[in-house]
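Each protein sequence line maps, in turn, to chains A and B. All letters in the first sequence, in the order written, are residues 3 to 204 by this note's numbering. All letters in the second sequence, in the order written, are residues 11 to 379 by this note's numbering.
Do not take every clue at face value.
[Claimed, not checked] Covered by chain A, according to a simulated footprint, are these stretches of chain B (three or more residues, beta-carbon under 8 angstroms):
| hint | segment |
| --- | --- |
| 1 | 153-164 |
| 2 | 168-178 |
| 3 | 182-193 |
[Claimed, not checked] Pairwise CB distance ranges, derived in the manner of DEER restraints:
| hint | chain 1 | residue 1 | chain 2 | residue 2 | range |
| --- | --- | --- | --- | --- | --- |
| 4 | A | Gly111 | B | Lys281 | 46 to 54 angstroms |
| 5 | B | Met308 | A | Ser147 | 31 to 39 angstroms |
| 6 | A | Ile177 | B | His250 | 36 to 44 angstroms |
| 7 | A | Leu31 | B | Asp30 | 48 to 56 angstroms |
No lab work stands behind these hints, which were simulated from the structure alone. Values in this document were obtained by computation on a predicted structure and should not be read as measured data. We put the CB at the ideal spot given by N, CA and C, even for glycine.
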Amino acid sequence: MEFSSKLIETAVTEISKLPGIGKKTALRLALHLLKSEQFQTEQLANALVKLRNEIVYCEKCFNISDDNICGICSSIKRDKNILCIVEDIRDILAIENTGQYTGLYHVLGGVISPIEGVGPEQLNISALVQRVQTEPVKEIIFALSPTMEGDTTTYYISKKIKALDIKTSSIARGIPIGGDLEYTDEITLGRSILTRTNYTTE
Amino acid sequence: MYLRKLILHNFKNYEEQHLDFIPGINCLVGENGAGKTNLLDAIHVLSLTKSAFNPVDSQNIRKGLGYYAVNGQFETGGTTEEVICGFQIGKSKSVKLNKVEYDKLSLHIGKFPLVLIAPNDSDLIREGNEVRRKFLDGIIAQHDAAYLNDLIRYNHFLKQRNALLKNFNETRVRDLDLLFPYDKNLKELAAAIYSKRVSFFNQFIPFFNQHYAHVSGNKEEVNIQYKSQVEDEDFPSLFHSFLEKDIYQQRTNAGIHKDEIVFEIEDMPLKKFGSQGQQKSFAISLKLAQYDCLHAIMGKKPLLLLDDVFDKLDDLRIKHLLGLMAENHFGQIFLTDARPERTASLLESVETEKKIFNVINGVVKVNEP
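Only chain B is shown next, with the shape it has when bound in the complex (with noise of 0.2 angstroms):
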C-alpha cells in the first residue's frame, strides 16, 4: 500500500498544492515554517480522518478561508483508492471513500494504517498515564473495531455513573439501586478492554525489546509494565469496596480508566532516573513497536511519518532507523528535514528509491534528477 498522489485545498498553509508520491522514500526539505509538517499532517488526516497536531478543524484552515480539502490516492495491490477528507465550517467533518461517505468517521481509522514518529513523542515519557492510555488504545482500535465500540461504551458508563455520584451528592439522596446498571457494564467492559491490552502487550513488548536493544547497542535493561485494577483476581468486589469513597469524591476509584503503563529503566522509572538519550531510545522504540504491530495485525506495511528526526536523534537511533530503511523493513516512507544536504548524505547508503521535494512558503517544487 502506498500514497501516490496528494491534492490540498485550503489546508494549513498551503493554498491549492498537487503531489505525486513514490512508493520509496519521499523527502521533504526546506526552511523551518516552510510548511514541511503540514504535508505530513495532511496525510495522518487522510489516514486517521484528524490532524496530529491541532484537533480543532476550523484552525488548520488556510488563514481566512472557509473550509479546507485533504484529496488522497492510494495504491493497493494493483488497485487505487480514492479518499477525500473535508471540512468546512459550521459543518461536520466529511471522509469519502471512492466517493462513498462513511456514517462514522470511527468507521475509515485501520483503512489505511500509519506510524508518525515526531519530535513530540517524548510526551509519551514525560506526560501521564492519560498519554499513555491513548497511544495503546489509538493501535489497537486501528485493527479492532469491537474494542473501539467497547471504550466509547465504557467512556459513556462511566460519565453516568460519576454524573450520577454527583447527584447523590447534590440531592443527599442515594438510591444504591441506581448504581447498579452502571456498575454492572462497566465490570464486564472493563473485563473485555483488560483482557485486549494484555494481549496486545504481550505482542508488542518483543518488537520493543528488539528495537531498544539496537538503538541502545543493549547497553541497559529497560520494561514496560502494565498495571490495571481489573487484574485482581477478584475485581468486582474491589470495584465495590470503593463505594463509599466513590460517593464521598463523587467519581469512580476502580477500572480500567485508572490503568497505569510504566516504562522502568533497570528497574526504575525512566521519566525520572532516565537520560535524555535514554528516554528518545524509548520513544523511538515504543513508535517502531507501533509499526511492527500494526504490521503484523494488519497484513500491509503502515506509511511511516518521519518529522525531523535527522535533527533530533542521534547518531546511533538514526543508524538503526537508516540500517532498518536500507533493508527494506519498512514501505512507504515521508521524512522532513530542514537541512537537504544533511539528509542526502545520510540516504546515501540506502538504495531505495528516493524523491526529493523542495518546500518554500506553502508550495512544493520538485528536483528534476
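Pulled out of the complex, with its shape left as it was, chain A reads as follows (with noise of 0.2 angstroms):
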C-alpha cells in the first residue's frame, strides 16, 4: 500500500501489529482517528499509555493488577487451599464467570512447546513450585487446553510437585451441555466414555 504521508504509513503499521487487524483495517482505524476530535486520540493514546506504565502483574498469581497482590489473592473468601493453573489470563475471566471456582489461580503465562523454543524458564513454574512450597494448598486443578501442549505441561508439573503432598486434577473433557452426541467429534465421545462420570440415585 502507497501512502501519500509518511505519518499515517507509520500509525497504519503500528495499529496492523496488533492481532486480527490487517493493513485494510489498519487505514480505516487511524483515518478514523484523524477525523474524530483530537482529544478522543489523546485520551486513547493517554489510557495505552498509562496501562503500559502502571499495570501490575499480582506477585502471587501473575494476574493483571492494580496493586502488588490483585484482588483474587488477597480476599477473604476465597479458598487459600485450591489454586488453579491456567494459560492465560483470559482464563482466570473465564473461570470466574462461572461463579465455580472459590479457590485462587496460578497463570502460567503459556504452555511448553520446544518447537516454538518456549520451555519452563519462559514460563511462571518455578514461582509455582515455590508458592505450592510456601503457601498452604492442598490441591491443584489443572485447567490448560486439551492440546498436546496443554498435556505435556500438566504432566510436567505434575512431576515437579510429585514430591509434595498435593492432590492434583485436571479439568474434565466431554460433551458440552447442550450438545448433541452425533456431531461430537469420535476422540472427544471416545474419551468421555472412557471417563464416564458415576449415577447415584441417593
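Starting from the two chains in their separate frames, assemble the complex, guided by the hints.
Below, the structure is given as C-alpha cells:
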C-alpha cells in the first residue's frame, strides 16, 4: 500500500501489528482517529501509555492487577487451599464468570513447546513450585487447553511437585452441555466414555 | 461402488472435461503426454484428496490459471454421492461430500477406497524404509481413523522431543524432567501403533504370498519382515537406554519411526539380490495385496487404477492380472495405454464390459461402438 504521508504509514504499520488487524483495517482506524476530535485520540493514547506504565502483575498468581497482590489473592473469601493453573489471564475471566470456583489461581503465561522455543524458564513454573511449598495449598486443578502442549505442561508440573503431598486433577473433557452426541468428534466422545461419571440415585 | 461421472476444470492439462464411466473396464488410450495419467490422478484426488504424483497443488492447475476443480459422482448401492475437490491459489483446499465441506481433509480418506498400480511402484523396493512405512500407513489409515490420529500425535510429540534435545544442546541446560511427558506419550503411542502394524501384516502377508506365487509361477520363496524396536519385551527400558545418545545426536533413536520393512527373496535382501523381473513381481503383488486387504476390511471393492501396466509388465504378470480381471476379482477399473491395439487384443479374453476413451492433447473422445 502506498501512502501520501509518512505519518499515516507509520501509524498504519503500528496498528496492524495488533492481533486480527490487517493493513486495510489499520488504515480505516487511523483515518477514523484523524476525522474525530483531537481529544479523543489523546485520550486513547494516554489510556494505552498509562496501561503500559502502571499495570502490575500480581506477585503471587501473575494475574493483571492494580496492586502488588491482586484482588483474588488478597480476598478473605477465597479458599487458599485450592489452586487453579491456567495458561492465560483470559482463562481466569472465563472461570470467574462460571461462579463455580472459589479458590486461587496461577497464570503460567503459556504452555511448554520446544518447537516454538517455549520452555519452563519462559513460563511462571518455578514461581509456582515455590508457591506451593510456602502456601497452604492442598489441591491443584489444571485448567490448561486439551492440546498436546497443554497435556505436556500438566505432566511436567505434576512431576515437579510429585514429592509434595498435594492432590492434583485436571478439568474434565467431554461433551458440551446442550450439545449433540451425533455431532461430537469421535476422540472427545471416546474420551467421555472412558472417563464417564458415576450416576447415583441417592 | 463405482465412479459414474467425472468433471474436470483446469486440472493439469484439461480445461473442461465431462466423462461418463462404466462400472467395468475404462480404457484411456492415447499418445504419450496426451493426459491419460492426469485423468487417473484426478480420480486419485477425488478418493484421497491429493495427487498421486505431485503434492504441490498449485502445480496441478492448468498453466496460467488460478484454480482447479474436480467433481465426481460415485454410485454406491443405489445412491449417488457427489464429491467436489477444489483448490484455489492462496486458499486451502476444500473437499465436499454431497455439498457439505469437511472440517478436516483426513475425514474423507477411506470413503471411496482406491488402489493405483503405477510404474513408480518400484520405489517401494528401491527406496528407504520411509517409503515403505508410508505405504503401510496409507493402507491402515484408509480404514482406521484412530490409527491415523495416533500417528499424527506420535509425529508431533517426536518433533517436540527432538526440538527439546536440540535445545538442551544449545543452552547446555538439561532438565530431564522435561523429557518425561514426551517419553511417556511416545512409548504409549508407539505400543498402540506397533500392535496395529503387526495385525495388519498378519492379514496382508497371506494375500501377498498368494499373488506372488501366481505372478512368479511358484518359483522362488519370498518374505516380508517387519522389524520394530517396540517388539522388544522391555521397550521402555530400551527407549531410555538411548538417552545419552539421543542428547548427543539431538534426535530420538528408538520408536516406531525407526521401524523396518524388509523384503527378502530366498532369504536375501530383494533390493540387492532380486532381478528386475522379481522386483516387478514383488511390487505388483504388494499392490494387489493392498487391494485385497482394503476389500476385505472395508467390504467394498476399491477402484483400481492401472497406469501403463501393459507396457511395463511382462507376459506372466499381465496374464495374472488379466486372469483376475476375467474372474471378476476387481470392481471398476481404469487403465491407460499408449497403444490401443495392444489393449484391445489383451482384453479380448476378458468378458467384462469395456469402454474406450481416446485422449488427444487434453481432450477426451469416446469411441462409438
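Is the listed coverage of the segment 168-178 of chain B by chain A valid when you require three or more residues with a beta carbon under 8 angstroms from a beta carbon of that chain?
holds (count 7)
Could you see if the CB distance from glycine 111 of chain A to lysine 281 of chain B stays within 46 to 54 angstroms?
52 angstroms, holds
Report holds or violated for chain A covering the segment 153-164 of chain B, Cβ cut-off 8 angstroms, minimum 3 residues.
holds (count 4)
Given a hinted range of 48 to 56 angstroms, is it respected by the beta-carbon distance of leucine 31 of chain A and aspartate 30 of chain B?
At 55 angstroms between Cβs, range holds.
Could one say that the CB atoms of methionine 308 of chain B and serine 147 of chain A fall in the range 31 to 39 angstroms?
Since methionine 308 of chain B and serine 147 of chain A have Cβ atoms about 35 angstroms apart, the given range 31 to 39 angstroms holds.
When I compare C-beta atoms, does the segment 182-193 of chain B have three or more residues closer than 8 angstroms to chain A?
It holds, with 6 qualifying residues against the three required.
Hint check for histidine 250 of chain B and isoleucine 177 of chain A - Cβ pair distance inside 36 to 44 angstroms:
Given about 38 angstroms between the Cβ atoms, the range holds.
In this structure, none of the earlier numbered hints is contradicted; all agree with it.
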